[in-house]
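There are 2 protein chains.
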Amino acid sequence: MFYGEYLINAQGEDVVAGVRTPHPISDLAKEMPAAHKELMKVRSILEHHFKDMQDLEFTVEEKRLYILQTRNGKRTGHAAVRIAVDMVDEKLITKKDAVRRVPADSLAHLLAPVFDRQSAKAAKKIGSGLAAGPGAACGRVVFSAEEAVMRSEKGEKVVLARIETSPEDLRGMIAAEGILTSRGGVSSHAALVARQMGKVCVCGATGIHIDYQKRTLSANGTTLNRGDYISIDGTAGEVFAGEVATAPSEIVQVLVDRSLDPKKSITYQEYAKLMKWADEFRTLGVRTNADTPEQVANAVAFGAEGIGLCRTEHMFFEGDRIDAMRQMILAGTKDERARALAKLLPYQRGDFIGIFTALKGLPATIRFLDPPLHEFLPADHAQQSELANKLGVAAEKIARRVHELHEFNPMLGHRGCRLGITFPEISEMQARAIFEAAAEVQAKGIKVRPEIMIPLVGFPRELKLQIDIVRRVAGEVAKEKETKLNYLVGTMIEIPRAALVADQIARDAEFFSFGTNDLTQTALGMSRDDSGSFLPAYTELDIIDTNPFASIDQKGVGRLMEITRDLGRKTRPDIKLGICGEHGGEPASVKFCHRLGLDYVSCSPFRIPIARLAAAQAALEN
Amino acid sequence: MFYGEYLINAQGEDVVAGVRTPHPISDLAKEMPAAHKELMKVRSILEHHFKDMQDLEFTVEEKRLYILQTRNGKRTGHAAVRIAVDMVDEKLITKKDAVRRVPADSLAHLLAPVFDRQSAKAAKKIGSGLAAGPGAACGRVVFSAEEAVMRSEKGEKVVLARIETSPEDLRGMIAAEGILTSRGGVSSHAALVARQMGKVCVCGATGIHIDYQKRTLSANGTTLNRGDYISIDGTAGEVFAGEVATAPSEIVQVLVDRSLDPKKSITYQEYAKLMKWADEFRTLGVRTNADTPEQVANAVAFGAEGIGLCRTEHMFFEGDRIDAMRQMILAGTKDERARALAKLLPYQRGDFIGIFTALKGLPATIRFLDPPLHEFLPADHAQQSELANKLGVAAEKIARRVHELHEFNPMLGHRGCRLGITFPEISEMQARAIFEAAAEVQAKGIKVRPEIMIPLVGFPRELKLQIDIVRRVAGEVAKEKETKLNYLVGTMIEIPRAALVADQIARDAEFFSFGTNDLTQTALGMSRDDSGSFLPAYTELDIIDTNPFASIDQKGVGRLMEITRDLGRKTRPDIKLGICGEHGGEPASVKFCHRLGLDYVSCSPFRIPIARLAAAQAALEN
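These protein sequences, in sequence, are chains A and B.
First residue of the first sequence: 10, per the working numbering; consecutive thereafter.
First residue of the second sequence: 10, per the working numbering; consecutive thereafter.
Because the hints were derived from the structure by calculation, they are not lab data.
Quick caveat, the model's predicted, so the values are computed rather than measured.
Hints are supplied without guarantee of correctness; some may be wrong.
Which bits of chain B does chain A cover? Going by a derived footprint, with three or more residues having C-beta under 8 Å, they are [as the list claims (entries may be wrong)]: (1) 267-276; (2) 407-418; (3) 460-468; (4) 534-545.
Derived pair list, reagent style DSS-like, types lysine-lysine, alpha-carbon separation capped at 27 Å [as the list claims (entries may be wrong)]: (5) B:Lys564 / A:Lys473; (6) A:Lys72 / A:Lys39; (7) B:Lys579 / A:Lys579; (8) B:Lys585 / B:Lys369.
Covered stretches of chain B, as calculated for chain A (at least 3 residues, CB under 8 Å) [said to hold, decoys possible]: (9) 548-562; (10) 565-574.
Glycine included, C-beta positions come from ideal geometry on N, C-alpha and C.
When you get a sec, could you build the whole thing from the sequences and use the hints?
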């Protein structure tokens with residue numbers, strides 16, 4: 010296939026400027042047959058030489074062909090994989106070449122649902138935002154998580170539109186086909202959750218005005234009422250009014266939905282071949298960030314070798330759990346708190362049983378409760394009154410507790426292990442849930458390998474105190490259940506102080522996992538959620554090359570990772586090292602982690618193929 | 010003077026338990042004359058040996074005297090200085106000994122105003138909080154900055170009571186004798202400002218309930234209405250209802266108020282002797298954090314050798330300036346913003362003229378605008394409407410801008426050099442104000458040595474871009490005024506990334522100043538304002554030795570300072586190094602800075618004597 014355009018008696022800029030309409034390259038065969046023949050010959054030589062599709066620029070002066078420029082052609086993920094696999098089959102390139110030349114990120118296209126092209130062309134575009142979760146989604150627009158859940162339970166497809174999302178919206182986000190926000194960057198809550206769940210997401214669509222009271226969304230002269238159809242393209246960051254037809258990718262149909270026979274999908278077969286080759290070359294492990302059995306199953310289908318980050322707080326939002334969680338937070342005494350925690354224990358244990366079972370013996374890094382407690386309480390007055398009625402307490406009590414928990418900089422506040430230190434009974438309940446679940450699952454003959462991770466450690470003794478609780482509870486459960494429990498205890502490295510005293514922390518930690526989201530925020534003194542007001546200017550002024558929340562800042566954050574590795578290994582030469590920040594699914598960061606000598610990266614399920622390919626490329630680069 | 014108690018037929022615990030009333034030591038001369046005589050002899054031997062007042066524990070068994078324990082006696086700042094100076098005069102110890110043995114922190118007592126002892130005994134104590142600004146203050150309680158200013162202008166003495174303070178309260182804090190807050194730790198806004206101004210402050214008095222609407226303060230069964238008298242002791246952290254008589258310390262009367270002849274104050278003379286000796290030994294420079302000519306004059310009287318931190322944002326709150334500042338923030342276009350900045354220029358220039366004049370040739374490190382812009386806009390609805398009327402804009406516009414500027418974690422948000430990068434016209438105005446003031450003052454024959462400091466740099470190019478503006482404006486002003494301007498340009502090191510790439514930053518920076526307040530927040534991932542909810546537990550559980558916001562966390566933050574020093578000197582061997590965080594006035598931190606080899610520490614005016622003494626002690630330790 011050879012495609013192109015040309016202009017007679019013109020310079021390159023005329024083609025680019027678009028003032029004259031160029032001719033298709035096929036016409037050249039008639040107009041200048043000699044030049045056309047030579048061009049075909051040169052193209053063949055170049056494509057064999059570079060072993061890749063070429064993007065050529067040429068001119069013909071006094072019948073002589075001049076090649077001005079040639080470079081490897083740009084292509085979609087589908088095309089990249091197909092061309093690479095075909096060329097190996099045709100023995101034009103080796104498997105190594107194939108693995109090297111498919112841009113790892115382009116695999117996202119292969120996994121994303123897509124809009125029907127004709128349908129999208131006919132649709133009315135009403136706005137655009139950041140492409141935060143690739144793919145296409147269409148459904149009825151709703152403005153609250155509750156309504157998303159309600160309509161989805163009735164079998165309706167919905168798109169959840171929010172000014173911004175919070176953990177309270179989680180159930181609605183799960184229920185929705187896609188998520189649209191008018192505020193927040195590629196690392197906002199909406200974007201993170203969407204990536205983890207493989208949800209389509211457009212965020213920070215600033216031109217779109219969402220009115221919660223009127224329940225309308227208006228942009229570009231169009232107003233949609235709740236229930237009206239909306240379509241969003243999370244690959245391009247576009248928003249359309251009305252219905253645009255979509256379909257899941259064939260790879261997802263084969264691996265996740267199991268609705269398509271792999272023998273019937275050439276796309277899947279080519280993908281599977283490339284992934285097999287990648288796994289032959291890579292040395293870096295690939296795990297997943299997953300909080301539910303379903304996510305685990307998807308991730309394992311995509312090739313995950315375990316869980317690198319299971320966020321236990323996500324387990325406290327579903328159904329009645331949030332009420333018990335809120336009772337725990339509102340508790341005035343240790344006893345009251347213990348009673349509320351006792352209600353949470355069976356839920357949490359049940360979750361872990363599901364996860365351990367889905368893992369089939371693969372290891373699971375489980376993080377203890379991390380976010381500040383105020384995230385679990387409703388922020389607005391009406392919801393506080395509702396909660397008060399439900400729990401049978403005074404609304405004022407809830408308002409007071411919300412006020413008490415208010416923080417100026419919650420990212421740097423009372424969260425992470427600081428919760429487990431001040432409320433050790435929370436860590437105790439979580440440890441018990443994990444070990445009781447482990448005992449139950451291994452009694453069924455399934456191996457269980459929990460790796461308990463204490464978040465936000467900065468001082469060695471913080472870790473020591475939490476580990477004491479874990480080991481004590483493990484001993485108690487092992488005795489009660491008359492079984493042997495195998496587990497590791499370690500910590501996240503997510504604040505600079507932890508990196509600087511990693512030698513001391515490694516005395517107690519059996520593993521380190523880099524929490525590069527928070528490590529980036531603290532090392533750069535830059536709030537992920539607030540950086541949208543200046544990061545665009547920073548890119549424009551060449552202060553930064555790439556968004557540090559998308560790709561690891563290697564000179565700053567990366568330097569802290571090196572320091573941690575060196576100090577950690579000094580104390581404990583075989584310390585296990587991983588990364589569980591969102592960076593774990595970004596190719597340049599994965600390659601950096603390989604060079605750093607980490608044992609594994611962990612990323613959201615839908616980015617696992619990308620991480621596998623990037624890890625293989627890193628191994629081939631070295 | 011020998012003072013003590015004893016019990017016959019008893020053990021030490023009986024004395025401590027207080028179940029029996031002990032006898033004064035003078036009775037021993039009668040009851041057991043031999044033992045008493047021997048005790049007197051031993052005391053004399055020990056005090057000559059240790060060259061310090063001794064705190065002795067003894068017992069008499071079968072007429073034989075046993076000395077159980079001896080240690081140097083604890084004393085107030087006044088006593089410590091007096092004893093040390095007297096002993097040098099009596100040739101019992103050397104000047105070095107005297108400097109070594111006065112606890113540097115105890116000088117705070119010498120400078121603080123005091124309550125009349127009888128009067129305090131008679132007063133009704135209604136609560137207690139953190140001792141955040143030493144000294145005693147008495148006045149009528151008010152609950153708003155406006156009222157504090159209004160009453161103070163009428164000649165009334167007031168104590169400003171707030172739940173917590175913000176920069177908007179600054180004028181009221183200046184007008185008040187003392188500041189009382191019911192929320193916030195020793196590093197809260199109230200405490201920081203109080204220390205810098207030498208104001209009496211009790212903060213975080215959690216038992217005191219302040220009701221802004223009723224304008225009452227209630228605690229411990231007592232309710233005070235606005236205008237009622239209240240007295241606070243910032244040395245002990247106590248709060249009294251009613252009037253308790255106070256007086257400024259003699260040293261302040263001599264040096265600051267100039268109302269007392271130094272020849273008439275023995276306390277002053279002893280203080281001056283000790284300070285002279287300290288200066289003979291110390292090698293570390295001592296500068297001040299000061300924002301006004303008055304603070305500069307006080308600091309120089311206390312021995313400051315220049316300004317280490319002049320916070321320009323404090324200059325934007327006074328009088329009409331805040332209106333121009335707000336116009337600047339509300340500006341929709343660059344032109345509008347430039348017009349508002351043009352109004353601010355003469356104010357800022359005037360401030361610098363005052364400061365440079367007061368400095369009489371000493372250097373001044375001036376920091377460009379640092380806080381997030383929302384701090385300059387009113388937060389509540391009523392004040393927003395008022396501002397809208399005043400500026401003639403729609404209240405909605407102000408509300409929208411406040412909303413736009415809202416940040417999840419303002420500490421990590423759009424502030425510091427990020428403001429100067431996105432709004433270069435702000436840096437340009439500030440540079441012009443500094444250089445025009447410098448030209449004017451040096452035309453009068455006073456040497457001017459500005460050191461312009463760019464805050465919150467993390468990426469080398471941030472600094473480069475800001476320095477380009479400074480150098481261009483300096484060139485323009487030098488040409489306009491036909492003069493030569495001498496200045497340095499450097500940066501604060503206050504985020505971990507800056508420390509890690511200090512070698513690159515030092516290519517452009519002529520000096521580094523450690524902003525250890527923010528460096529502590531970022532390196533430890535710990536918000537100063539929010540840490541009150543877990544730091545007490547951290548102390549109790551031995552996770553930390555001292556509050557890292559009071560004394561430098563040497564293993565974490567200190568490690569980053571070492572890295573910075575080494576990398577900075579690698580690029581620029583003569584780079585000037587200082588510290589301008591609040592730690593610069595805390596003895597253990599001052600000693601750490603000496604060992605690190607910094608050129609100077611900078612602290613609030615009333616802590617300068619402490620820093621001078623601690624610096625001398627550090628030099629004698631090494």
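Results for each hint:
1. 267-276: n = 0 at 8 Å, threshold three: violated.
2. 407-418: Coverage by chain A holds for the stretch 407-418 of chain B (3 residues, Cβ < 8 Å).
3. 460-468: holds (count 3)
4. 534-545: Answer holds; 8 residues pass the 8 Å Cβ test.
5. B:Lys564 / A:Lys473: Cα-Cα ~18 Å, so holds.
6. A:Lys72 / A:Lys39: Answer holds: Lys72 (chain A) to Lys39 (chain A) is near 14 Å, not above 27 Å.
7. B:Lys579 / A:Lys579: holds, 26 Å
8. B:Lys585 / B:Lys369: holds, 21 Å
9. 548-562: holds (count 5)
10. 565-574: holds (count 4)
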